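*Asks:* Listed below, chain by chain, are the residues.
Number of protein chains: 4
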Amino acid sequence: MLVVMQEGATEAQIQKIVGRLMEDGFDVHRSSGVVHTVLGGVGGKSHFDTGIISVMDGVKEVHRIVSPYKLAARAFKPEGSIIKIGDVEIGGDKVVVMAGPCSVENRDQIERSADIVAEGGAKIMRGGAFKPRSSPYSFQGLGEEGLQMMRAAADRRRLLVISEVMDAVQIPLLAAYSDILQIGARNMQNFTLLRELGKIRKPVMLKRGPAATVEELLLSAEYFMSGGNYDVILCERGIRTFENYTRNTFDVSAIPVVQKLSHLPIVGDPSHGTGRRDMVPSMARAAVAAGADGIIMEVHHDPDHAFSDGAQSLFPEQYYELMGQLRLIATAVGKSI
Amino acid sequence: MLVVMQEGATEAQIQKIVGRLMEDGFDVHRSSGVVHTVLGGVGGKSHFDTGIISVMDGVKEVHRIVSPYKLAARAFKPEGSIIKIGDVEIGGDKVVVMAGPCSVENRDQIERSADIVAEGGAKIMRGGAFKPRSSPYSFQGLGEEGLQMMRAAADRRRLLVISEVMDAVQIPLLAAYSDILQIGARNMQNFTLLRELGKIRKPVMLKRGPAATVEELLLSAEYFMSGGNYDVILCERGIRTFENYTRNTFDVSAIPVVQKLSHLPIVGDPSHGTGRRDMVPSMARAAVAAGADGIIMEVHHDPDHAFSDGAQSLFPEQYYELMGQLRLIATAVGKSI
Amino acid sequence: MLVVMQEGATEAQIQKIVGRLMEDGFDVHRSSGVVHTVLGGVGGKSHFDTGIISVMDGVKEVHRIVSPYKLAARAFKPEGSIIKIGDVEIGGDKVVVMAGPCSVENRDQIERSADIVAEGGAKIMRGGAFKPRSSPYSFQGLGEEGLQMMRAAADRRRLLVISEVMDAVQIPLLAAYSDILQIGARNMQNFTLLRELGKIRKPVMLKRGPAATVEELLLSAEYFMSGGNYDVILCERGIRTFENYTRNTFDVSAIPVVQKLSHLPIVGDPSHGTGRRDMVPSMARAAVAAGADGIIMEVHHDPDHAFSDGAQSLFPEQYYELMGQLRLIATAVGKSI
Amino acid sequence: MLVVMQEGATEAQIQKIVGRLMEDGFDVHRSSGVVHTVLGGVGGKSHFDTGIISVMDGVKEVHRIVSPYKLAARAFKPEGSIIKIGDVEIGGDKVVVMAGPCSVENRDQIERSADIVAEGGAKIMRGGAFKPRSSPYSFQGLGEEGLQMMRAAADRRRLLVISEVMDAVQIPLLAAYSDILQIGARNMQNFTLLRELGKIRKPVMLKRGPAATVEELLLSAEYFMSGGNYDVILCERGIRTFENYTRNTFDVSAIPVVQKLSHLPIVGDPSHGTGRRDMVPSMARAAVAAGADGIIMEVHHDPDHAFSDGAQSLFPEQYYELMGQLRLIATAVGKSI
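Those protein sequence lines, which keep their order, are chains U, H, A and P. Residues 1 to 337 in the working numbering are what the first sequence lists, from first letter to last. Residues 1 to 337 in the working numbering are what the second sequence lists, from first letter to last. Residues 1 to 337 in the working numbering are what the third sequence lists, from first letter to last. Residues 1 to 337 in the working numbering are what the fourth sequence lists, from first letter to last.
No lab work stands behind these hints, which were simulated from the structure alone. Given the structure is predicted, the values throughout are model-derived calculations rather than measurements. Using N, Cα and C, we set each Cβ at its ideal position, and we do this for glycine too. Each hint should be verified, as a subset may be incorrect.
Said to hold, decoys possible - Simulated restraints, written as ranges between beta carbons of each label pair:
1) U:Ala152 / H:Gly143: 37 to 43 Å
2) A:Asn244 / U:Ala152: 56 to 62 Å
3) H:Lys45 / P:Lys260: 22 to 28 Å
4) A:Asn244 / U:Asp24: 46 to 52 Å
5) A:Gly51 / H:Gly86: 41 to 47 Å
6) U:Ile82 / A:Asp115: 37 to 43 Å
7) A:His29 / H:Gly19: 23 to 29 Å
8) P:Lys260 / A:Glu145: 41 to 47 Å
Please put together the full structure from these sequences, using the hints given.
*Replies:* In structure tokens:
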């Protein structure tokens, strides 16, 4: 930790900081400049709350030196992580596509979805079984029955399954039916859920919260990696900004930033990232061009009548056309789909 | 619902929208202007997803007319709601102050806290028993034992208790020990939790998420009011913006906005709103001056050694001095503490 | 204009709104629903300030129907605009690349730059001659001498020139030496400057301000198009958000949004969009994949010693490699470089 | 400057950074920790672009130690600056109120305005003479004639005058008619204008841009203080965030933040900060309660027919009532109006 004292900080103020740091086990090195004194704190607890120092009298600013995340950091695995599920690899030279409807609605819909998904060339089918929605009057999902239907449909077309877990009590159920458990953006900092997911041995896809920095996303990943589950996929799905033509601002630059800071694979979700079907193809292409390890997107056989997220679900033909473009772009960046 | 068609929208496009709306039970009125055709949809499901219409061909924009929230709207109770707990009223002419440490740390600390809180004149003591933290290595709270300690300390000083519920399974426990259940900012859209809280008959304080608009806050309130629990207090605690000197940007204007749109009381939390002890007094004063129905803030007998949130906890003397200022400001706006 | 009255708005409130609208020449149609009365205002001044209505008693919300921009709207030229300068076309099937240093530093540097730019295949050279910087002590640009040097270097390599105009008094000078005049992000709403640029007949590239919505960008374009200058290129260069690993958040989705709402060409600037050289290649690729009509980026023969913006300037080899990737991606979206 | 190297940075990478810093005159101190090497750079140019270092290979992060602003920093004048104009002092124990219409519209209006302003107890009248507006079809201001009218009206009621300067060429005109020159939010980083204003000897009020941090505001103040003009008043007027019920988010916390970091007086502008008349009184009260040195607000004898900004202009009675409240609140924080 580096503590920069204000210009004119008194010796008593400096001593108080030094004392406080030593209390928590830090060795303190002092460097007196013409204008500012800088204190370097070494050792001490890694999760020490630097905020306590930053509001003490005479302090100008405090910088952590050691990243608060270690297991998620690039340095932990410089060559990058590859998550293997059956014969699908996420994080290597392939761009993995996950596609499907927002919700599992009924058997017919999910069977048709599996056909569409497989036909377009995606390897993983998405679909939600638990849909606690912003309106209490909206469709809330089919629960376990929906998971069964999706598993059957996916198996028939040899697809993997990804589905969202909303609560720790649902973990066994989701783990039984799906290959990847998704943590939604609103749960990115639901630490109870993260801790429980750290105990299982199934891949997890963690979505960035709409108000979370990339560093906070990595901290959440660290949270359950520290429990021993290292099969983590990250997902950029849009952040909240003042621009409101799109529902969120899809932060494409988060893709190379994650790849610089972490060894974990990063997937782009242009459906939630934009909230508008007419923006999904261009943003899916952008994500692949930026180097994403995968794309997750919503496609529906009849988006105008989808039970949820119809506005951002692609028509089947749009999806097929887009997959063709993504293949070309993947090639341009040295990958393949 | 009002659907504004693009300049040059074709008759076929218009007919398709009309048909889609009628399918869902809307009566459609058409008004053809020189430049734009406007369709008014009346009736239909209140939770109809207008997004589906907004991405259809030829549509310029769609506006909901009827608010997606009803029970939380000012029109539902134009005179404003007053939540009564014992002899404390929240929402009337009093400015209610809630104060206390971030976490219950041990018996001695919480007893001292109760003394400080009561001495300053606050009526309600705050304190957390479950602290799932961003670092998995940090203090995680004392759980039920902490709640017992806080209840005892509060009772001794005749204070009410507010404490945070993190998960639906904790509801009975929290309901047993505290007078108000707090929903944290990260759980503002945890609909599973909101639904369960709608079933109990205890006052709840709902905090605004860091990326949530005021309208979304009201939608979340609606969520559990629809379950029958009308004793809801709202809380502004800062939003995420590009300014990073403060941890969040404390959106003081949310206070009058909530009071215009809703009948529910609104409380300001300058501790989380700024994240810095040196900014808390000015922001607490601002919130009261803006008309807040209450203030919740962190105070600790020894902030430099608090187990959590020390940086934003007031020293006891700061808290006493601030309470004096708040009394004067409350008077200036026709209220009292 | 559509005025939605609040639930329970009184007849007197409604009459007051009707009267106010009629004063300004609007015909008013009234539609009374079960819950809300809606007033439709037709005619009246296009620049009528709807804010005045929105704060009147009893008003819930006001929606403009007619876009505040007309000349910049897609409907004005549905097939899209192509700006022709010599044999370069911006807005058609080509992706036009503009590259060069942030500032013109001296003759040697700008001559070397021209060689690098031309070698990579860009058609337009960028370079600034006026650099009023955030620090008053930094390099402020070479002025006219710099423009002369850049023109000479560009002519030698048959490149077009784009350079920024900071103030209306500089217009004749910039118009004499460059083929496209750039309006910087900070001047996007400098209406004095916009008005003067509306009077000349040179192409202008207008950069989006860091706090401007796409709609506001189009309004600024309208500003000088209303003066008769229709040769406008728009440029996305990053918006200000809470994420601060990158200097700005490069809003790639602005590219398809502009293309939906407007007929004007849109160019991406990944250099300012990210502020970091290591993020520029991925974001340049993303912009082309998203359908951008062009890319503007900074390249320098020795970025570590550039007088300005060195951190976001590419090394020549990075630029060459990137151009190769961009050519492949352009093909994938049906264009060429 | 502190340069923190990445975990695993090579000796060659470290040497390259050291070399680059020494080139620019820095002395470099090296401190090798178990995980990270930290380089401290002392001396060198104060405006050295640290970005160049931050993108070099092996660098984790770079922190400036010395503030980029000196003259605007609190340390330069720890007791705080007081700007004296006639018998008005800004920055001391008084809360100075500036009020008046958005634009000077005609003689009758500005005379009535002067009466209203004076009656309420404000000492300074505001009013704009140059109004380059977002719509090219809107009222553009009366120019010099408007300034003459305002000066005459203000003199009759013994009020000071503040008015906005849009362009360097207008400086002599504005300086002739007004006591304080205002720099609008859009011009906060118009460095040409700032430099010219640094040469005159009239007080200037600098408004924070909607996407500017407080630190950037101070940097802009530094810009013209470095020219010798030390009579600077800062103004918070709202920042751009995702919340759009209000036009901007009025960042009340900027007031104590400025007072901590700088010695310059800070004024709040709740009219532009909210954009809505119904939110102005509560936000004006909040700003005074937070410790603002002044308030600037719009008041009009007939806001529903104001030529500009009618939606955010107070009715005279609202203004009178508000002034009464502000006096009480000022007292509560140890000041007076």
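*Asks:* For every hint, state whether the structure bears it out.
*Replies:* Comparing the hints with the structure gives:
A hinted range of 37 to 43 Å holds for the C-beta pair Ala152 (chain U) and Gly143 (chain H), which are about 42 Å apart. A hinted range of 56 to 62 Å is violated for the C-beta pair Asn244 (chain A) and Ala152 (chain U), which are about 46 Å apart. Our hint of 22 to 28 Å for Lys45 (chain H) and Lys260 (chain P) is violated, since their Cβ atoms are close to 52 Å apart. Checked against the given bound of 46 to 52 Å, the beta carbons of Asn244 (chain A) and Asp24 (chain U), roughly 28 Å apart, lie outside it.
For the hinted restraint 41 to 47 Å between Gly51 (chain A) and Gly86 (chain H), the CB-CB distance of approximately 45 Å keeps it satisfied. As the Cβ distance of Ile82 (chain U) to Asp115 (chain A) is approximately 42 Å, the hint placing it in 37 to 43 Å holds. About 24 Å separates the C-beta atoms of His29 (chain A) and Gly19 (chain H), a value consistent with the hinted range of 23 to 29 Å. Separation of Lys260 (chain P) from Glu145 (chain A) is about 44 Å and conforms to the stated range, judged on CB atoms against 41 to 47 Å.
Of the numbered hints given earlier, the model fails hints 2, 3 and 4; all others are met.
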